[in-house]
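Student: Protein chains in written order, with our numbering: chain A, 11 to 297; chain B, 454 to 856; chain C, 47 to 331.
Just to be clear, a hint being listed does not mean it is correct.
[What the hints assert, rightly or not] Listed next, with one range per pair, are the computed distances between beta-carbon atoms:
(1) A180(A) - L228(C): 37 to 43 Å
(2) A513(B) - S55(A): 19 to 25 Å
(3) R112(C) - E700(B): 17 to 23 Å
[Said to hold, decoys possible] In silico contact screen, one side only, chain B against chain A (beta carbon under 10 Å); selected entries:
(4) T522
(5) Y526
(6) E535
(7) A543
(8) Y553
(9) T555
(10) L608
(11) R609
(12) A656
(13) A658
(14) G659
(15) R828
None of these hints come from the bench; they were simulated from the model.
Glycine is no exception: its CB is placed at the ideal position from the N, C-alpha and C atoms.
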Amino acid sequence: MTAYRSRALAGLTWVYIVWSLLPVLIAVLFSFNAGRSRSVWQGFSLRWWIGDPNASLLHDDSLRMTTVNSLVLAVVTVVVTLPLGTMLAIGLQRWRGRGAGSSSALVSAPLVTPELVLGAALLLVFTNLYAAIPLGRPAQIIGHITLNLSAVVVTVRARLLMIGSSYEEAARDLGASRRAATRLVLVPLLRPAIVAAGVIVFATSIDDFIVSSFLSSGAASETVPVRIYGAVRGASSPALNALATLLVAFSFMGLLIGAGSMWWLRRRAGERVTLRQFLDEVTQADA
Amino acid sequence: MTRRLSRREFVSRSLVVGGGSIALAHLLSACGGGNESTTQLVIGTPDAPVTLPTVGEPIADGLPLESGTLQIYNYADYLNPETIAAFEAAFGVKVTVSIYDTEEVALSKMRSGSIKPDLVLGLTDSVLARFVAAELLQPLNRGYIGNFENVIAGLRDPYYDLGAQYTIPYVIYGNGIGYRTDRDIDTSVFVGNEGWSALWNPAYAGRLAVLDSYRDTISMALFRAGVFDPNTSDASALSTAVDDLVELATLTNPKIDILSYQEIAGGGRDIALCWSGDMLAGVGYLPEGESPDVLGFWYPEVTPTANDFFSIPRASTKPVLAHAFINYLLDTEVALGNQAYVGYQPALEALTAEALVNAGAIPESLVGALVTPERYSAGKRLVSLAPDVDALWLDGWTRFTTG
Amino acid sequence: MWRGYALPGTVWLAAFFAVPFYAVAAIAFGSIDPIFRNARPAWNPLSWSFGTFADVLGEVVNGQLRDVFVRTIVFVLIALVLCLMIGYPIAYHLARLHGRMKSLILLLIVLPFWVSYLMRMLAWVNLLQRDGLVMRITAWFGAEHNWLDGSPTTVILGLVYGYVPFLILPLYATLERLDWRLVDAARDLGASPRQAFWRVTLPMSRTGMAAGLMLVALPMLGDYYTNDILSRSPRTEMIGNQIDFFLNAGTQPQRGAVLVLVLSFVLACLAWWYVRDNARQQVAR
C-alpha cells in the first residue's frame, strides 16, 4: 500500500487551522484588554470581566440576565428534546403502519430548512395564530425544541441502526414485555447517542441566534448571541469579547460534560475508550 | 437516508400532511386573536393643530409609587447609564432598557404585544397618530409631573398633541451633515442648500452613511432637489428623490444605520447624514486623547427640525413610576447630566444654546449643531402620513435599500 | 405501540413546524390592515388572494428583488466554490492521515463547531476595523483597503470563513469511508498520483461532495447576519436581509411571508433536484 505523505497538504492543513482559530483566540485575548478598544491592544486587565463597576460582566446586570437566559433556554431545550426525540426515533424505526412515512418526512423537513425560514414561520405563527403563547422565553423554548428535534432523531436513529433488534429479541425471548425490553435494554444501549445528541442540542441552543432573535420580546428575553449581535455593530467595549468568550466556554463545557458522560458510560460497560473513538462518534453525529 | 417515493405516495403523503395542518390551523384560529382596525388617523400639522382623541383614563391622583422594575423602551445609547443609576438609587427600584432601532419596529412590536414596556422614549409625531389609533398610549396625569413648567414654552402645547395629553417633549434636534474636520471633507459646499450634494461626492465612497429612517433620508433627497416638503404626497417628486438616492448608493456605497454618532467619532466613517444630537453625542465616543475639534456639523438653513417625546403605554404596569421618571428627567440638573452622555439638547427652557455652552457641555467646534429658537421655527416638521402616502414612501425606501 | 412512541414528537412537529408554514401561506395570501400594515391571515384556502404574491413574484422576476436574488445566488456560488477549494484538500489530508497526529488535527478542525458563529464573525470584525490587525498588515504592504466599507468581497469571505467547517466534516466522513485500495490499484496500473486522484478519488467522493455542498448551501442562502455584521450596505443585500427587514422591522409582514414562501420553494427545488440526482446515481451504480 502506498504510504501517504504530502507535506504540501499537511502545511495547508496547519495554515487552515491557524486561519480558523487564530481570530477567535485574538478575540478572547482582547477581552482582557485594558482599554476600550476591541482592536488596539492597550495592556492586560481583568477590567471587563470583573473589574469595571458598570460595564464588566460581573457587574452589568443586563449581561448577567442574558447569560442566565441563554443557560435556562439551553437546559430546558435539552431536557425536553432528548426524551421527545429519542422516543420519536425509536417509534419511527419500528413503526410499520400508515402515517409512518409522513411522520418520517415531517422529521426530515427541518433538517433542510434554513433557520431563517423556520424563525420567520414561527414568528408569524406566534403573532397571528398561537396568540396564547407570548413571545419571549416561552416562544423561544418552543422554537429551540423544534429546531433541535430532528437532529436528535437523526443521531439516535444512526445508533439504532447499528444496534439492530437482536438484543431486544433476546430480552423478549427471556420473557420481558415489549415495553420493558425497550426501557431496560434498548435505551441503555442508546445512551452514547443520546449523550452525543444532548451535547449537540446544548451547543446549538447556546449558540443559536436567528430563532432566539426572531422570537425575542426585548431585553428580558435576550440571549447572549442576540446581545452580541446587537452590540457588534455599535460601540462596545471588550466586555463584548468577554461575553463571546463566555459563550464559547459554555459550549465547551457542554462538550466536556458530554465527553465525560460518554467516557464514564463506556467504562461502566467495560469498553475501552479512546479520544479518537469519541471524535468519530461526534463527527458521525454531525455529518 | 430516505426511501425513494413513488409519485402517488408523495402526493398522498403531502395531502395528509397538508390536510392535517389545515384542520389544525382552523381549530386553532378559533383561539387566535384578530387584528381589526377601523379607526381613523388623527394627524396634527403645524398649520392645523389637533387635539387627539382621549382613549382611556389617566391614572388617579395621589397613588403610591410602585416598586420593582421599570421597563423602558428606547433607542440605543439614548439615556445616560449614570442618570438611570441615580434614579434607581433615588427611588429604590430597578430599571431595564429594551432597544428599538426604528419607530416602525416599536409600533409593530408594541401592537403585537411582543414587547410591553412601562415607558417609551424617543417617539416622534411622525408615528404618534398610529400609536394613538392603535390605543397604545395612556393619557398622562400632569399632577405627577411638577417639572412640566421646565419644558420649553413653545412645546408645552404642541400641534401634534394639543394639551399634551399623551406626550412630554424629551429632546430637540435638526437634520444635517456630520463630518470629520481632520479628513479631506470639502466644507466649502456647506452653504445654503448646496451642502446635501456632499453626500453624492464619489470621493467619499466607502466612508459615508445615511440614516436608517425612511422619512429622514428621503426628505434629505427631496430638500436637495428643492422640494422643501418632508410630508409630500407628490408621487413624481418622491420618485425623483428615490432615483437620486439610488444614484447616491451607486456613487458612494453608503452605510444605512443610525450609528454615525459612534462611527464618525471612532474614525470608521468621515461624513454622514445625521441628527444634530449625534455629533454632540459623538464627543463621548472619541478615542482617548482625541480633541472634539475633529467633529463638525453642518446645520442647513432649511431642514427638518423636530423634537421627540416621552409617552406611557396604556398597558404600563408601573404608571406612577413612569410619571416619576419623566418628572425626574425634566429637572434641569438631571437633564444636563443626561445630555452629557446622550448629546441631544433637552427640550427645557433653561437649557438654551448659550446655557449649554456656558455650562461647558458643548465643545467650541460643535456650537453650530445647537438648535436655537430661530432654527426651530424655521425648521420643517415631519408629521404623520396618511396610509396611502406612507405606502409610497415605504416603496421608495425599499427601492433604495435593495440596491 | 411504536406509534405511541412516535406520536408526541410527531404532534409537536406538526404543531410547530407544519402549521407555521401553513400560517406563512395564510398570511402571504391573506390581506393587510391598511393603517398598521399588519397581517390579516386568511385561514380558509378558498378565500386566498394572490395579488401581493403576484406583485412580489413580478419583482423577483423583473424588478428590484431580482437583483437581490441574483446577488444572493452569486455570493453563495462563489462562497461554495471557495469552501470546496479550501475544504476538500483538508478533508482529504485528514482522511489519509494515520497515527496520533490525526486525533489532534481532527480535534482542532472540529473545534470551530463549538465556537459560536457570532463569536467567529465578531473576531473578524475586530480584526477588520480601521485600526485592526488586518488593516495594519495591509497598510504595511502599501495597500489601503477599508474592509468594512460594504464590499462584496468581505461578505463572501465572511461566508466562507463561517461555513467551511460545515463542509469539511461531511467531506471527511465520505473520504474516510472510501476504499483506498481502488486508488492503490490505479497506482499499480501505472497511474500517477495526480491521475489517480482525478480519475478515481474525486469521482468516488462525488456523492459526499454533493451532500456536503447541499448541507452548506441551504443555510447560506438564508443567511443574513453575515452581511449585517460585516457590511450593511445596499450593495451586498441578500435575500435573507430582505426577509428580516420585512418581518422584523415590522412594516410589511405580508411581503415577508411571500418572500419566505418564494425562498422555501427555491430551496425545495434544490433539495428535490439533489435527492433525484442522488437516487439516480445510486441506481446507476
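Student: So, for every hint listed, does it hold in this structure?
Tutor: Going down the list of hints, with the structure as the test:
Judged by the Cβ atoms, the range 37 to 43 Å given for A180(A) and L228(C) holds: they are separated by roughly 39 Å. The given range of 19 to 25 Å is broken by A513(B) and S55(A), whose C-beta atoms sit roughly 52 Å from each other. Range check, R112(C) to E700(B): Cβ separation about 19 Å, and the 17 to 23 Å hint holds. Interface restraint check: T522(B) against chain A, minimum CB-CB distance 9 Å, threshold 10 Å, status holds.
Nearest Cβ of chain A to the Cβ of Y526(B): about 7 Å, under the 10 Å cut. The hint holds. Checking E535(B) against chain A: minimum C-beta separation of about 8 Å stays under 10 Å; hint holds. With its C-beta approaching chain A no nearer than about 18 Å, A543(B) sits outside the 10 Å limit, and its interface hint is violated. With a least beta-carbon distance of about 9 Å to chain A, the hint placing Y553(B) at the interface is held under the 10 Å criterion.
For the restraint placing T555(B) at the interface with chain A, the shortest Cβ-Cβ distance is roughly 14 Å, beyond the 10 Å limit, so the hint is violated. Violation of the interface hint for L608(B) is found here, the shortest Cβ-Cβ separation to chain A being roughly 29 Å, above the 10 Å cut-off. Interface restraint check for R609(B): the shortest CB-CB distance to chain A comes to about 31 Å, outside 10 Å, so the restraint is violated. Evaluation of the A656(B) hint against chain A yields a violated restraint, the C-beta minimum of about 25 Å exceeding 10 Å.
Among the interface hints, the one on A658(B) is violated; its C-beta lies about 20 Å from the nearest C-beta in chain A, farther than the 10 Å criterion. For G659(B), the shortest C-beta to C-beta distance to chain A is roughly 17 Å, which exceeds 10 Å, and the interface hint is violated. Among the interface hints, the one on R828(B) is violated; its C-beta lies about 28 Å from the nearest C-beta in chain A, farther than the 10 Å criterion.
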